[in-house]
Amino acid sequence: MTPRKPVTDWTTDWDHLDPRWREDPYPIWDELRRSCPIAHTERYQGAYLPTRYEDVRAIAHDTTHFSSRRVIVREVRPEPPIPSPPITSDPPHHKPYKQLLLPLFTAEAMTGLEPKARAICNELIDKFIADGHCDAAQQYTRHIPVRVIAHMLGVPETDSDQFIKWIHEILELGITDEMVLMQATREMAEYFAGHIAERRNRPKDDLMSQLLAARIDGKPLDDRHLNGMLRLLLIAGIDTTWSGIGAALWHLARTPTDRDRLNAEPALMPTAIEEFLRAFSPVTMAREVVKDTEIGGCPIKAGNMVLLSFPAANRDPAVFPDADKVIIDRTENRHSAFGLGIHRCVGSNLARLEMTVAVEEWLKRVPRFTLAGEVAWSEGTVRGPRQLPIKFSS
Amino acid sequence: MRIRVDPEKCQGHNRCKAVAPELFVLDRFGNASAVGDGRVPPGFAEKARLAIANCPELAIEIIED
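Residue numbers (the numbering used here), protein chains in the order written: chain A, 1199 to 1592; chain B, 102 to 166.
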């Protein structure tokens, strides 16, 4: 990877690939929120960075000036943008695709996956529990969401490593390397094309077959959109929740009081999970400015991208008292970890289920644990631990 | 006390149903509305307040009547 020019002024030259951002972005956002709540950079062909909750919220709700045709801030902007409906769709095209997915991802539908998710967690723990230590990011959190979503889509769970490789290429390496992005996108398209062809002849009992049978205005989805939708479901459902579970375990490993309290009072789990989602929101989205406008008193020019940092919004003290503290029994928490407005994450119920199950099963088997070395974080659009050495204690 | 979910604002975050399951019903897309005419039964005012405080879309309102 080519070395990047270090950031000298975060208000006019911010860069989310800067190592300081990757290591600990919160002080950067806190400072910007005070001094320059909508920062700008000439990098990435021009992009804004709002850090206040109200501004992030206003942009997420404004589909007239802010398009979702590009949802990742990259060095390059491929033309035409690669469609992955509904996440890359604007009104009026967004709604039919979203409504096709929503019934498949309701909280009620997700409860059917709970036994499967618990079994996956325990199988993983079985493999390292006797060692007394593990890399929780590589041996535990990494494998849970990918196996659940593979199971849902109806593709082999044994292809998990391939999916994780594509996601790394598209979401991390692809920010600066268009060739890698295009290659991974092509490989995924070929992969899904094979599975789609198989199901056209013989539908199975899986989500892919349900999408094949789906109709919008009486017509089936064309191959390009179907393929994009499958790519979205696979990408969106994996390293996001991997990151969410990892950040939760990271916090508990370094905060014995919260760890012990959650062991003693398992009824706190729902508020704890929401608080982990708020304090360590994994997902940052993006919008493309398509018409000049103004946000929070700041002129916003068409042609720029916006890094839509729900993680920064969720640390805004104007909305969350003690925003910089993790309070596992915080009862009032209208965080935006799953986005705001029409693009609310369709998989939020699945993510919550996976996070809850993964933390619960971990605590049952490994109630006491601490950090045992250097933690490494991912970069770019999704933030979470990619190396999380943990040692178990008695 | 009565509550109402604004269907234009609700995006199906499911937070109200999670904190106050007695007070909300979901449609097949996961979007919420208040049970019945929205009247909050005695003893449920605190749960209604929590639902309002946890809705990311500020979609739940109190109707004074």
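Calculated directly from the structure, the hints in this document are not laboratory data.
Note that CB positions come from ideal geometry on N, CA and C, so glycine has one too.
Fair warning: there could be bad hints in the mix.
Unchecked claim - Below are the DSS-like pairs computed for lysine-lysine, each with C-alpha atoms no more than 27 Å apart in a straight line: (1) A:Lys1293 with A:Lys1489; (2) B:Lys148 with A:Lys1523; (3) A:Lys1325 with A:Lys1523; (4) A:Lys1499 with A:Lys1489; (5) B:Lys118 with A:Lys1296; (6) A:Lys1293 with B:Lys118; (7) A:Lys1293 with A:Lys1417; (8) B:Lys148 with B:Lys110; (9) B:Lys118 with B:Lys148; (10) B:Lys118 with A:Lys1314; (11) A:Lys1402 with A:Lys1314; (12) A:Lys1499 with A:Lys1523; (13) A:Lys1296 with B:Lys110; (14) A:Lys1293 with B:Lys148; (15) A:Lys1402 with A:Lys1296; (16) A:Lys1417 with A:Lys1296; (17) A:Lys1489 with B:Lys148; (18) A:Lys1523 with A:Lys1314; (19) A:Lys1296 with A:Lys1314; (20) A:Lys1589 with A:Lys1523; (21) A:Lys1589 with A:Lys1203.
Said to hold, decoys possible - Take a look, some chain B residues computed to stay more than 10 Å from chain A by CB distance: (22) Arg103; (23) Arg105; (24) Pro108; (25) Glu123; (26) Asp138; (27) Pro143; (28) Cys156; (29) Glu158; (30) Leu159; (31) Glu162.
Please flag the earlier hints that this structure goes against, numbers listed from lowest up.
Of the numbered hints given earlier, those the structure breaks are 3, 12, 14, 17, 18, 21, 28, 29 and 30, listed in rising order.
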